[in-house]
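S.K.: Sequence:
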Amino acid sequence: MNKKRSTMLAIGAFLLANLKWLLGLLKFSKFGATFLSMILSLVLYANFYGWKFAAALIYLIFVHEMGHLVAAKQKGIRTSPAIFIPFAGALISMKDQPRDAATEAYLAYGGPLAGLISFLPALPLYWGTGDPFWALVIYLGATINLFNLLPVSPLDGGRIVTVLSTKIWLIGLLGILALLLFSPSPMLFLIFLLGAITWWNRAREGYKQRVLTYEKERLARFLTELRTWPTLLSVGETRERLYNEYRAATAKRVQTKRFFLPFLQDDKRFAADRARIDRLYAELAWNVYQQWERTPVLFLDADPEQPLPSPILLEASRDAERQLSLIDNQLETLSNYYEAPAGTKWKVLLAYLALAAVLSLAFWYGNSIIEPSR
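Each number in my numbering corresponds to the 1-based position in the sequence shown with 2 added.
Calculated from the structure, these hints are not laboratory results.
Keeping only pairs whose Cα atoms sit at most 20 Å apart, straight-line, the calculated EDC-like set for lysine to aspartate or glutamate is:
1. 254 <-> 280
2. 169 <-> 341
3. 259 <-> 275
4. 218 <-> 285
These numbers come from a predicted model, not from an experiment.
Based on the sequences and whatever the hints tell you, model everything.
M.R.: Structure below.
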């Protein structure tokens, strides 16, 4: 124990003494964060489990994450470098979102596939030497990647089966729950929690689409309203109408502001959301109208027959059009993201089952050869 502590202190002293030039070197490197987080994880794993185990684990995780990076590059998806998180694995964030579930499945599949390839060389090395270290590499590699194939988001398996049916996530959640009951762990609980949130959000997408569709209609009416103001003959009547609409929408919003049970009270909840959206755009119309009414009209070359467009109305219209475009994109994603040809679904299913079968076989073999040395 004293020897291990001395080693850790020596490593820490070295890193502190050289931290300034090390950070200066790495900040210009695209993979500086990957390297630093990898070294930190390696040292921490080694402190608890020994250097051999730590080196094997870091190698297997690194190759797994590189599989995701290669798949993302093939699909033109920009990503961040891999960041190692001690005792939690590693993480890659996407700067661009996949255009559909099939692309997401391809990116997710790259990790476990590369993970399988990563420990294949350990098989002949174990057969040739009988060294338990290579048995450990086989067992660890199979365990990590097989676990990642569980069909629950955010694990790779959950993202792969997205193109098949997100209902499969429920099976994955039940599997994680069973593991939690037999072997409780904070990491399993976190995965279960994230998976449950993702499944719930997917289950509520139909309702979200309903609300967005109404907001799109309300936003289109607001844009039409803006275009009519420059041609008004009586601004006083319009001001009174907008003010009354704002007051009525505010009163209705207050009346409907309460909790509703999801699914069971969706119609009542939708009425409340409609009231919220109506109030939002009634207030917006009233505020923009007041600003526009107080702003003097400008004319081209001081010609009263050539009024210039109002900057206030132009800005409000641009903002509304941007919001309308965002809503259109959201509705497009909700409607088409999970759509895929039957042929694509069959390919993904067969590839998923084949990889799971090979990893299961490797897990069984790795467990059988490592068991005697425990």
